[in-house]
Amino acid sequence: SQQGEEDPQALSIQEGENATMNCSYKTSINNLQWYRQNSGRGLVHLILIRSNEREKHSGRLRVTLDTSKKSSSLLITASRAADTASYFCATGGANSKLTFGKGITLSVRP
Amino acid sequence: NAGVTQTPKFQVLKTGQSMTLQCAQDMNHEYMSWYRQDPGMGLRLIHYSVGAGITDQGEVPNGYNVSRSTTEDFPLRLLSAAPSQTSVYFCASSTWTGLGTDTQYFGPGTRLTVL
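Protein chains in written order, with this note's numbering: chain F, 1 to 110; chain S, 1 to 115.
Incorrect hints may appear among the rest.
Stated by the list, open to error - Here are the simulated DSS-like pairs of lysine-lysine, each with C-alpha atoms no more than 27 angstroms apart in a straight line:
(1) F:70 x F:102
(2) F:56 x F:69
(3) S:9 x F:97
(4) S:9 x F:102
Unchecked claim - Simulated restraints on C-beta separations:
(5) S:3 x F:80: 21 to 29 angstroms
(6) S:38 x F:94: 24 to 32 angstroms
(7) F:55 x S:28: 27 to 35 angstroms
What the hints contain is simulated information worked out from the structure, not anything from laboratory work.
Quick reminder that beta carbons are idealized off the backbone N, C-alpha and C, glycines included.
Given only the sequences and the hints, what does the whole structure look like? Please build it.
See the structure below:
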């Protein structure tokens, strides 16, 4: 069974707008990771946030983690057409497994 | 650095055939894993390894074997291919601290079709 569940399943926004994607999980984690996948390609790591961290930034990306609610959000600011991709959250626990959600399809309209 | 490489990129098999998907990394990563990706299912973990000589099962291990004789290589064997194994297979690697999985570096994938 998959740990992380992303929401929404699909998101369509205009270039320049912000995109917010959410991930919820069920059991305790050591870290939570976000990945991007362009069509037909492998996954690319975006951000890793550890369980003792609440917020991390990387360029136009901002990730928050609320362990009390077992949820995380990924914010992409000032989106570009090149941000069009699928986004996955993945949870890493103490069991040495990384479990992925089913992904969010983001479309950024020029 | 080549990163994580996978061969072949595409493969068509007939039901019952066996084959090995190759995965290699040149980053001296201890942790390596195999995932399959099916439409609407995200990525599901097949097998993983935390070092040479050590392997363990993931979420969907049935029908697949792995071995880890070197740090660099982590081949995935399909013993007797079935149409249900039609999928895109990704290999990934990362450092391993023993405290959980770290940033994963993915290969480009192998697209497998079983007729």
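Notebook entry, point to check: Checking against the hints above, which ones are violated?
Noted result: none
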